[in-house]
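Undergrad: Spelled out, the chains give:
There are 2 protein chains.
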Amino acid sequence: MPETATTAGEATPEAHGSYEPTDRTIPTRGRPKASYDRALVHSILDEGYVCHLGFVRDGAPVVLPTLYGRVGERLYVHGSTGSRPLRMAGGPRQPDPGIAVCLTVTHVDGLVLARSAFHHSINYRSVVVHGVARQVTDPEEKRTALDALVDHVVPGRSYDSRAANAKELAATAVLRLDLEEVSAKVRTGGVNEEPEDLALPHWAGVIPLVTGYGTAVPDKDLDAAVALPDYLAAL
Amino acid sequence: MPETATTAGEATPEAHGSYEPTDRTIPTRGRPKASYDRALVHSILDEGYVCHLGFVRDGAPVVLPTLYGRVGERLYVHGSTGSRPLRMAGGPRQPDPGIAVCLTVTHVDGLVLARSAFHHSINYRSVVVHGVARQVTDPEEKRTALDALVDHVVPGRSYDSRAANAKELAATAVLRLDLEEVSAKVRTGGVNEEPEDLALPHWAGVIPLVTGYGTAVPDKDLDAAVALPDYLAAL
Numbered sequence: 139m140p141e142t143a144t145t146a147g148e149a150t151p152e153a154h155g156s157y158e159p160t161d162r163t164i165p166t167r168g169r170p171k172a173s174y175d176r177a178l179v180h181s182i183l184d185e186g187y188v189c190h191l192g193f194v195r196d197g198a199p200v201v202l203p204t205l206y207g208r209v210g211e212r213l214y215v216h217g218s219t220g221s222r223p224l225r226m227a228g229g230p231r232q233p234d235p236g237i238a239v240c241l242t243v244t245h246v247d248g249l250v251l252a253r254s255a256f257h258h259s260i261n262y263r264s265v266v267v268h269g270v271a272r273q274v275t276d277p278e279e280k281r282t283a284l285d286a287l288v289d290h291v292v293p294g295r296s297y298d299s300r301a302a303n304a305k306e307l308a309a310t311a312v313l314r315l316d317l318e319e320v321s322a323k324v325r326t327g328g329v330n331e332e333p334e335d336l337a338l339p340h341w342a343g344v345i346p347l348v349t350g351y352g353t354a355v356p357d358k359d360l361d362a363a364v365a366l367p368d369y370l371a372a373l
Numbered sequence: 139m140p141e142t143a144t145t146a147g148e149a150t151p152e153a154h155g156s157y158e159p160t161d162r163t164i165p166t167r168g169r170p171k172a173s174y175d176r177a178l179v180h181s182i183l184d185e186g187y188v189c190h191l192g193f194v195r196d197g198a199p200v201v202l203p204t205l206y207g208r209v210g211e212r213l214y215v216h217g218s219t220g221s222r223p224l225r226m227a228g229g230p231r232q233p234d235p236g237i238a239v240c241l242t243v244t245h246v247d248g249l250v251l252a253r254s255a256f257h258h259s260i261n262y263r264s265v266v267v268h269g270v271a272r273q274v275t276d277p278e279e280k281r282t283a284l285d286a287l288v289d290h291v292v293p294g295r296s297y298d299s300r301a302a303n304a305k306e307l308a309a310t311a312v313l314r315l316d317l318e319e320v321s322a323k324v325r326t327g328g329v330n331e332e333p334e335d336l337a338l339p340h341w342a343g344v345i346p347l348v349t350g351y352g353t354a355v356p357d358k359d360l361d362a363a364v365a366l367p368d369y370l371a372a373l
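Chains A and B are the protein sequences, given in the same order. Residues in the first sequence are numbered consecutively from 139, following the working numbering. Residues in the second sequence are numbered consecutively from 139, following the working numbering.
Honestly, the hints are just simulated from the structure, not real lab data. Worth double-checking, as some hints may not be accurate.
Since the list gives no way to pick out one identical chain from another, each pair is judged satisfied if it fits inside one copy or across any two copies.
Unchecked claim - Here are the simulated lysine to any residue pairs, SDA-like style, with alpha carbons at most 25 Å apart:
hint, residue 1, residue 2
1, Lys171, Glu211
2, Lys358, Thr275
3, Lys358, Leu338
4, Lys358, Pro165
5, Lys358, Thr326
6, Lys280, His245
7, Lys280, Asp359
8, Lys280, Glu318
9, Lys323, Asp161
10, Lys171, Asp316
11, Lys305, Tyr351
Hey, can you work out the whole structure from these sequences and the hints?
TA: Structure below.
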């Protein structure tokens, strides 16, 4: 699938160096420490299917799960043109003030079981992005964003599906969020334990969590001549 | 593990009926429709390991992944007493105004691949809880909450670990969020497709995502006499 490299690969030349820490991305407390490494941030973002998008409505926080895609240093989320965050972000018919958002992606990798209740934890990888999301109005960028959203679900899939038509493009609003104020947190490894607890008779260690793919379920109307393509069979 | 029923089971008598829809939990748009069914909400919450907790800081949204536990109609999250949302919620030394939060839990169950890019989707189950979180100051409730947090990682685990001591309790802040303004969304099933796309030569269907447990990794200092307990081997 050399085409896949067009989207995912755009990041490669940029995936060096680090994001600049800011007041919002420097944690007040807590291990693990934050990381600002671009390559790490990209890898965590690219592995997720759903992000949690936070915005403020009438002074109160709202957190909704939503699909996303990445093109280099830009994230895209989409939704119906009538959905709340997308209406709040303005659009072609009104000046676009943008909408302050926080976009978070988390993978849970393992259960950390300590001898003490206090030291129970989770191995995880997360990315938190702060910024102002703005509606994408340029038709070319919108197409690129929608391809990225489809390719985020399965890399290369946008090349094996019918592209959006004018009506579908008009019904879909896309928000862009630049990767500028970004941090990652990763907890790996085993249990932390108080030295005096080591002799306690409780099992301690890590139970890894693994995610995999089940058997593909073809659409009931699928033409029998259409076989499962290699890029899906390889999952 | 009859003890497990003490925590998880408290919900059983209440897990009937529905939450009252509010302006915030009635979606403006979009399928799937929201559900307010208590049993469904509880089942989605109990299956998750990490929630995404949103709050507002200096007018901007913040979304952080964090562990949580449920006791009946109450959710608990915890953190260091110095962490931001916990300091913002006040505590024993100051009047507790609470902190407006939105707590969201999402499971991704499958990739929905349509013949058209537009109809690509995800099968998922999510719960969104709106409310005001307040610090737990009652020592008994705090202990119950911390047990629930540990038992949420592995049911019954709080009985097979050393309970928090006074110093650990003092270092841990716990926030409570009542399940009052709550909705669930579930997408299941196959692809939606435009009738005119059915004959296109693209594979369409659902790729299920499955989560499982890997082989338990014992702590390097674990006494060889401490075997993996049945409730962990059963995972």
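Undergrad: The structure should be examined with respect to each hint, and the outcome stated for every one.
TA: Taking the hints in turn, this is what the structure says about them:
no. : hint              : result
1   : Lys171 <-> Glu211 : within (23 Å within a copy, 33 Å between copies)
2   : Lys358 <-> Thr275 : neither (37 Å within a copy, 55 Å between copies)
3   : Lys358 <-> Leu338 : between (56 Å within a copy, 14 Å between copies)
4   : Lys358 <-> Pro165 : neither (50 Å within a copy, 30 Å between copies)
5   : Lys358 <-> Thr326 : between (42 Å within a copy, 15 Å between copies)
6   : Lys280 <-> His245 : neither (28 Å within a copy, 28 Å between copies)
7   : Lys280 <-> Asp359 : neither (30 Å within a copy, 54 Å between copies)
8   : Lys280 <-> Glu318 : within (20 Å within a copy, 39 Å between copies)
9   : Lys323 <-> Asp161 : within (16 Å within a copy, 35 Å between copies)
10  : Lys171 <-> Asp316 : within (23 Å within a copy, 31 Å between copies)
11  : Lys305 <-> Tyr351 : neither (33 Å within a copy, 44 Å between copies)
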